[in-house]
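K.L.:
Each chain is listed here by its residues.
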Amino acid sequence: MIIRRKYLLYVLALTSAIIAALVASIDTVISVRYITNPWAFGFSTFFVGIFITFLFALIFSIPIRRGKSLGSKLIDPSFQRLRLLKKEEIKYHVLAGIGNSILTIGYLSLLSLVKDPSVVLPFSQIAILYLVIIESITEKNIPTLVEIQSTVIVTFGAILGSISLSGTINLESLAIVFLVINPGWVLFSINQRKLKLLKIHDKPNDSINIRFWNVVFACIFTTIIVFLYDYILGTGNFIEGIAASIDHFDWMALTMGITFFSYVFYIRALGIGKASVTQAVRSTIIIFSIPFTILLAYFNIIPLFSTDLVLLLIKIIGSILILLGIVSFALTLVKAYVFISIKPGYDIEKTMNKLWDIRGVSRVTATAGQYDLIVKIHTRTLVKGYERTIRKIEEIDGIKDYKWESVLKEWEKI
Amino acid sequence: MISAYILITIEPGTTNKAILEMKKIEHVVKISVVAGEYDVVARVQVNDLEKLLDVTNKIQMIKGVKKTTTQVIEKELTL
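Chains as they are written, first to last, in this note's numbering: chain R, 1 to 414; chain G, 415 to 493.
Think of the hints as simulated: they come from the structure by calculation, not from any bench. Mixed in with the good hints there might be a few duds.
Stated by the list, open to error - With a cut-off of at most 25 Å between alpha-carbon atoms, the simulated PhoX-like pairs for lysine-lysine come out as follows: (1) K438(G) to K403(R); (2) K431(G) to K68(R); (3) K73(R) to K489(G); (4) K376(R) to K477(G); (5) K400(R) to K489(G); (6) K91(R) to K194(R); (7) K68(R) to K465(G); (8) K465(G) to K335(R); (9) K481(G) to K68(R); (10) K409(R) to K472(G); (11) K400(R) to K481(G); (12) K199(R) to K73(R); (13) K403(R) to K444(G); (14) K73(R) to K481(G); (15) K203(R) to K465(G); (16) K87(R) to K431(G); (17) K203(R) to K437(G).
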């Protein structure tokens, strides 16, 4: 099936957000009722997570017809079966595992402090700020005014939306968000994107294997962190985590089972859009978490919240700002192909590298045919495309002629 | 695995129908409608050159397609 790339990104990121909001509510129940120690909860998450993710990956590896597996039909067309890691993947898995481990312990500490998913989740959306900064360094993409504007709108929206419906703001939780959760999330999502963009046996990497191996690496690093914490402070979180995994296996299996789908869809979305755009769409979690919070309050799992109109208004304004930020982010991307002919006597590979260094260039292809090179450009505005790309292309020696073709609409096989 | 771009010129007024037909062709992984000298850029992934010829033929058979230019990919740098 071929559908518009943009729509697929939205569907995947939104589904992931709805599932993640459900997971946050289940985590709140576990953290309030069963495992109150965030360190033990964090360890237990990945310890039980390995078994559950392995089980799902095995089920999705069942072959159906014409060499396709159940997972390729239902989840990710790139998936064939559970496999061992390739050498080039290990570096990214180590970094993503460290990121996931840090963010999970931070998130569970925050949940045990605040106990309200509609407060915890919006806070985490500020990760988009970090992502735009990192992308400007790693993806040669200096943020435009629109990107800065949208990011600021989303950030302010997230801050307003994260005010608890009981009207409190906790400074300790703010520190955990800015110093632990968000840097961890950035490390995690940037490296997951790198993994998704890798080619394995000439085919795109699949989200099920990425998720399984991420849980394995995150479990290793969480064990190390919990062990070190226990050793330094003389606590018994590791033993408590093992006991919690056995005593509350059913709850942990439930949360990790549902998390599996949230992350698999998120990783697929990362392979389609930039990490910051995917994160922006996933920010809608702030809205999806509100009904779950009301449900938790209804069942007396968290304290009843205030019905103060001012607080409700602030939360609604926050949610609207986040949505506005997302829309302006997603609607302002201009894409183009540039077809280039090279003068005889100039090295094609050297020219390719010079083109690759230009900001906004996302793909440089050497081809045999009427043109020597085809360049794909991603830019926020046509003016920026002209100033930062076309003028730079004209400056490269050896370029005989070029043709700019703006992309009006695009579909991609999923 | 061989990848190629096929640059397509289409008769005015037939673009939508031609794209609908193109979407049905196996091995076409991406279709971009563009403004400029060409009307559509399609990306194709096939196992051998014979299959590429087959895909190009199928595109040329679509009503409204005036001309195709095939660019076989030799090397690629991508994010």
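K.L.:
Is K73(R) close enough to K489(G), meaning Cα to Cα at most 25 Å?
P.N.:
Given that 25 Å is the threshold and the Cα spacing comes to 30 Å, the pair is violated.
K.L.:
Checking one constraint from the list: CA of K400(R) to CA of K489(G), max 25 Å. Satisfied?
P.N.:
Measuring from Cα to Cα gives roughly 20 Å; hence the hint holds.
K.L.:
Are K481(G) and K68(R) close enough, with their CA atoms no more than 25 Å apart?
P.N.:
violated, 36 Å
K.L.:
Is the straight-line distance between the alpha-carbon of K68(R) and that of K465(G) 25 Å or less?
P.N.:
holds, 21 Å
K.L.:
For a C-alpha distance cap of 25 Å, please report whether K431(G) and K68(R) respect it.
P.N.:
Cα-Cα ~31 Å, so violated.
K.L.:
Within 25 Å, alpha carbon to alpha carbon, are K203(R) and K465(G)?
P.N.:
The hint holds at about 18 Å.
K.L.:
Are the Cα atoms of K91(R) and K194(R) separated by 25 Å or less?
P.N.:
holds, 10 Å
K.L.:
So if I understand the rule, the pair passes when the alpha-carbon distance is 25 Å or less; does K203(R) with K437(G) pass?
P.N.:
Measuring from Cα to Cα gives roughly 20 Å; hence the hint holds.
K.L.:
Does K73(R) pair with K481(G) here, judged by a C-alpha cut-off of 25 Å?
P.N.:
Status violated; Cα separation ~35 Å.
K.L.:
K199(R) and K73(R) were given as a pair; does the straight-line alpha-carbon distance stay at or below 25 Å?
P.N.:
Holds - the C-alpha atoms of K73(R) and K199(R) are around 20 Å apart, at most 25 Å.
K.L.:
Can you confirm whether the C-alpha distance between K87(R) and K431(G) stays at or below 25 Å?
P.N.:
Judged against 25 Å, a Cα distance of about 45 Å means the pair is violated.
K.L.:
Holds or violated: K376(R) with K477(G), Cα cutoff 25 Å?
P.N.:
violated, 28 Å
Of the numbered hints listed earlier, those contradicted by the structure are 1, 2, 3, 4, 8, 9, 14, 16.
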